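2 protein chains.
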Amino acid sequence: MKDDQTNPHRRGFLKAGAAAGLASGAGIARAALTRTPADDAQRQVEPFYGAHQAGIVTPQQSHTYMAAFDVKTESRDELVALLRAWTLASARMARGDTAGALDTPDDKPASDSADILGLGASALTITFGFGPTLFKTSDGKDRFGLAAKRPAALVDLPRFNGDQLIPEKTGGDIMIQACANDAQIAFHAVRQLARMGTSANVTSIRWGQAGFLSGPKGQTPRNLMGFKDGTNNPSTSQPPLMNQFVWADGADAPWMKGGTYTVVRRIRITLEHWDTMELGFQEQVFGRHKYSGAPIGKKKEFDAVDLDTADKDGNPAIAENSHVRLSNHMTNNGMQILRRSYSYNDGTNFYIERWPPWRQETEYDAGLIFVAHQSDPRTGFIPINTKLAKFDMMNQFTTHVGSAIFAVPPGAKEGSYIGAALFEA
Amino acid sequence: MKDDQTNPHRRGFLKAGAAAGLASGAGIARAALTRTPADDAQRQVEPFYGAHQAGIVTPQQSHTYMAAFDVKTESRDELVALLRAWTLASARMARGDTAGALDTPDDKPASDSADILGLGASALTITFGFGPTLFKTSDGKDRFGLAAKRPAALVDLPRFNGDQLIPEKTGGDIMIQACANDAQIAFHAVRQLARMGTSANVTSIRWGQAGFLSGPKGQTPRNLMGFKDGTNNPSTSQPPLMNQFVWADGADAPWMKGGTYTVVRRIRITLEHWDTMELGFQEQVFGRHKYSGAPIGKKKEFDAVDLDTADKDGNPAIAENSHVRLSNHMTNNGMQILRRSYSYNDGTNFYIERWPPWRQETEYDAGLIFVAHQSDPRTGFIPINTKLAKFDMMNQFTTHVGSAIFAVPPGAKEGSYIGAALFEA
Numbered sequence: 001m002k003d004d005q006t007n008p009h010r011r012g013f014l015k016a017g018a019a020a021g022l023a024s025g026a027g028i029a030r031a032a033l034t035r036t037p038a039d040d041a042q043r044q045v046e047p048f049y050g051a052h053q054a055g056i057v058t059p060q061q062s063h064t065y066m067a068a069f070d071v072k073t074e075s076r077d078e079l080v081a082l083l084r085a086w087t088l089a090s091a092r093m094a095r096g097d098t099a100g101a102l103d104t105p106d107d108k109p110a111s112d113s114a115d116i117l118g119l120g121a122s123a124l125t126i127t128f129g130f131g132p133t134l135f136k137t138s139d140g141k142d143r144f145g146l147a148a149k150r151p152a153a154l155v156d157l158p159r160f161n162g163d164q165l166i167p168e169k170t171g172g173d174i175m176i177q178a179c180a181n182d183a184q185i186a187f188h189a190v191r192q193l194a195r196m197g198t199s200a201n202v203t204s205i206r207w208g209q210a211g212f213l214s215g216p217k218g219q220t221p222r223n224l225m226g227f228k229d230g231t232n233n234p235s236t237s238q239p240p241l242m243n244q245f246v247w248a249d250g251a252d253a254p255w256m257k258g259g260t261y262t263v264v265r266r267i268r269i270t271l272e273h274w275d276t277m278e279l280g281f282q283e284q285v286f287g288r289h290k291y292s293g294a295p296i297g298k299k300k301e302f303d304a305v306d307l308d309t310a311d312k313d314g315n316p317a318i319a320e321n322s323h324v325r326l327s328n329h330m331t332n333n334g335m336q337i338l339r340r341s342y343s344y345n346d347g348t349n350f351y352i353e354r355w356p357p358w359r360q361e362t363e364y365d366a367g368l369i370f371v372a373h374q375s376d377p378r379t380g381f382i383p384i385n386t387k388l389a390k391f392d393m394m395n396q397f398t399t400h401v402g403s404a405i406f407a408v409p410p411g412a413k414e415g416s417y418i419g420a421a422l423f424e425a
Numbered sequence: 001m002k003d004d005q006t007n008p009h010r011r012g013f014l015k016a017g018a019a020a021g022l023a024s025g026a027g028i029a030r031a032a033l034t035r036t037p038a039d040d041a042q043r044q045v046e047p048f049y050g051a052h053q054a055g056i057v058t059p060q061q062s063h064t065y066m067a068a069f070d071v072k073t074e075s076r077d078e079l080v081a082l083l084r085a086w087t088l089a090s091a092r093m094a095r096g097d098t099a100g101a102l103d104t105p106d107d108k109p110a111s112d113s114a115d116i117l118g119l120g121a122s123a124l125t126i127t128f129g130f131g132p133t134l135f136k137t138s139d140g141k142d143r144f145g146l147a148a149k150r151p152a153a154l155v156d157l158p159r160f161n162g163d164q165l166i167p168e169k170t171g172g173d174i175m176i177q178a179c180a181n182d183a184q185i186a187f188h189a190v191r192q193l194a195r196m197g198t199s200a201n202v203t204s205i206r207w208g209q210a211g212f213l214s215g216p217k218g219q220t221p222r223n224l225m226g227f228k229d230g231t232n233n234p235s236t237s238q239p240p241l242m243n244q245f246v247w248a249d250g251a252d253a254p255w256m257k258g259g260t261y262t263v264v265r266r267i268r269i270t271l272e273h274w275d276t277m278e279l280g281f282q283e284q285v286f287g288r289h290k291y292s293g294a295p296i297g298k299k300k301e302f303d304a305v306d307l308d309t310a311d312k313d314g315n316p317a318i319a320e321n322s323h324v325r326l327s328n329h330m331t332n333n334g335m336q337i338l339r340r341s342y343s344y345n346d347g348t349n350f351y352i353e354r355w356p357p358w359r360q361e362t363e364y365d366a367g368l369i370f371v372a373h374q375s376d377p378r379t380g381f382i383p384i385n386t387k388l389a390k391f392d393m394m395n396q397f398t399t400h401v402g403s404a405i406f407a408v409p410p411g412a413k414e415g416s417y418i419g420a421a422l423f424e425a
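Sequences listed follow chains Z and H, in order.
Going by UniProt numbering, the letters in the first sequence line up with residues 1 to 425, in that order.
Going by UniProt numbering, the letters in the second sequence line up with residues 1 to 425, in that order.
Possibly wrong hints are sitting among the right ones.
Note that identical chains are pooled: a pair holds if it fits in a single copy or bridges any two copies.
[Stated by the list, open to error] Computed list of lysine-lysine pairs in BS3-like fashion (alpha-carbon distance at most 25 angstroms, straight line):
| hint | residue 1 | residue 2 |
| --- | --- | --- |
| 1 | K312 | K108 |
| 2 | K387 | K141 |
| 3 | K72 | K312 |
| 4 | K217 | K149 |
| 5 | K298 | K108 |
| 6 | K108 | K300 |
| 7 | K257 | K299 |
| 8 | K72 | K257 |
Don't read these hints as lab results, they were simulated from the structure.
Values in this document were obtained by computation on a predicted structure and should not be read as measured data.
The whole structure should be built from the sequences, with the hints applied where relevant.
Here's what the structure looks like:
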């Protein structure tokens, strides 16, 4: 592992270059290289170090780039060295700096791709997680001596009804999610960390996914189906709710205390089909009114969901197979999960039907990067989605094509690194 | 063609619904449905009607969604009816409204997907263009009686050296490009127009592509390769330059006077590979210093490009095969094109090499949606790119996988529609 931060030659080069008075591109004054953000959304800085990792209860930024990595090395030391380097680089980027110092001599690869120069931190958060395969591979190998530390909650997700998972968009040993108020800042962060892992020969990228979220300030954002998404989320401003539903207590895996378990699903949505559905039907599917966000039969978004109300014909106002009823905590033993999803839009695919009527057409490859944080997926996502996958009327418009689960450890202390309690204790 | 704007029943429904006092989701008060933007970037409105179409010399917004459409109908009248409906819907959306009135009864599909409620216009521009195949198909059929009006400048692009074009990301009868300071606003605009074309059975989407651009305010933005992109663009604030290089004079096709010709190229960039290159080599490839943006040997971004300067060994300071030298107007008979490109990021692809060393890996599907506007591509993009495709050092990092050319007509007058002079004269 190289560590640019501690390379005295490079620091020396920076000083020399600056003193030489802009003699070369690599030696231009450092002041010109720092980011000079122009507005508040760009200037916003989220602390990287802390009791919890950032990006979980942080107010949701407008863009994300998520990636999963496969670990290629068999060396625990090399993996730990990369986690240390990733932690330092992430802390730099979170405060609005480049991943490494920009004092590269001309004959070396630069420590940052530099595409974010001039932009601010843009509320960048970088969140790390560890997948089940890091603890034990499918053939039972304890790759890094971590098998005994695998938390019981870090289960392998079951196959859900209707799953159409694509292997290259599923799983991963390590997750990195960057979120920021800028598409380029988010991608940049993951890209620098990916490059570090590749050049150290420790990791390779398994899948990467950009996402976005457009919401009026202070209001529940709408997903691409046009409905408000997240109305019934547990409030991140109530620590008791977060302790109950989001943060792991570390009972069987003390290194996870203050961490969370994160489920990611790439859910493709047939927007073309959805857009031709009657408004009233769309509302039945969700169990909410589209424009107001109110539960069916109510007037305001935050009016309580009343599952017992009947319509004038005596049928449930909120349909039996509606998304709201099936996912509501009242039908799920009171369990809640913290959804922090993004829309995605990867352009279009050309699609050929191989059976009558042999349709050929271009379709949107767009939908939802569903992200849910929870203290235990065995009582959270898994039972909720088992029910949804079977009965949700929405399923005729959605296909789960990617899936992953990660143990997201607590935050790092300055001077330490992400996952230290897993590897050091 | 339905036209929601002129349907008295629907207007009646809106009134009735509002008067009935929020009895149903469809009938909630109209005031709650208008967009209520929260900040300046969201509030910004670009006029849709005008001498030129918006989105060409408009200051570049942060996001785009571009799409190309195939025309399915053989009826010129149906095509014109769609262009009229598209014009009205576009003008509505550009001023921050929904594509159609939100007075849909429950048993009809809504006239807008509603995912942008609460967001502002966000400087939305919607730009339309006509591809060569609208005028004459490859088998010579004059589909809509337009063959005689095809401008000489609307050539079929030649095959360039190294082209690896994917048919389903290439060509198209009609282009629609939406640009806005918000990813969802841009996609939303194209999606509504696509739905209108599909439900009228007049068009189907051929390809769609999202893009983004992150730049410090008032500075040249950097592309994903980390270099400033657009430094040498002709200034859009100088009308004589725009008249010379961007706006068509309509000499052989009067309906195009005040329009432009737009070339789109989807250029995939091997960012993983680029990121491992020495800084000095990257600068040789571009012919500019990376951090400052100055031409090699100069200090400031806007210092003149001097192609005659030699380095201390007597070699050209700006390398013979550098991007700047090959694309500079001084080596291209003074010709300039107006580039208005966006980065794109469609996640990752899994890639298998079918020859030694049989590498398998996940790669970014990211790069540049190159967009260039010009008065005549025969003296603009085509000769410049013919040279670049053969000699540009950058080619080892870039692959052109999509391509299209469109005649972008002048702007519409209020009450008329985009392309009226083509169909009516």
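Against the structure, the hints come out as follows:
Taking the shortest Cα distances, K312 and K108 sit within 25 angstroms of each other only across copies (21 angstroms), while inside one copy they are farther apart (74 angstroms). Neither within a single protomer nor between protomers do K387 and K141 lie at most 25 angstroms apart by alpha-carbon distance, with minima of 33 angstroms and 54 angstroms respectively. For the homomeric pair K72 and K312, neither the shortest alpha-carbon distance inside one copy (62 angstroms) nor that between copies (45 angstroms) is at most 25 angstroms. Taking the closest pair of Cα atoms, K217 and K149 never come within 25 angstroms of each other, the shortest separation being 41 angstroms inside a single copy and 49 angstroms across copies.
For the homomeric pair K298 and K108, the shortest alpha-carbon distance between copies (21 angstroms) is at most 25 angstroms, but the shortest distance inside one copy (63 angstroms) is not. Within a single copy, K108 and K300 get their C-alpha atoms only as close as 59 angstroms, which misses the 25 angstroms cut-off; across copies the closest is 23 angstroms, which meets it. In this assembly of identical chains, the alpha carbons of K257 and K299 never lie at most 25 angstroms apart, being 41 angstroms within a copy and 52 angstroms across copies at closest. Taking the closest pair of Cα atoms, K72 and K257 never come within 25 angstroms of each other, the shortest separation being 28 angstroms inside a single copy and 59 angstroms across copies.
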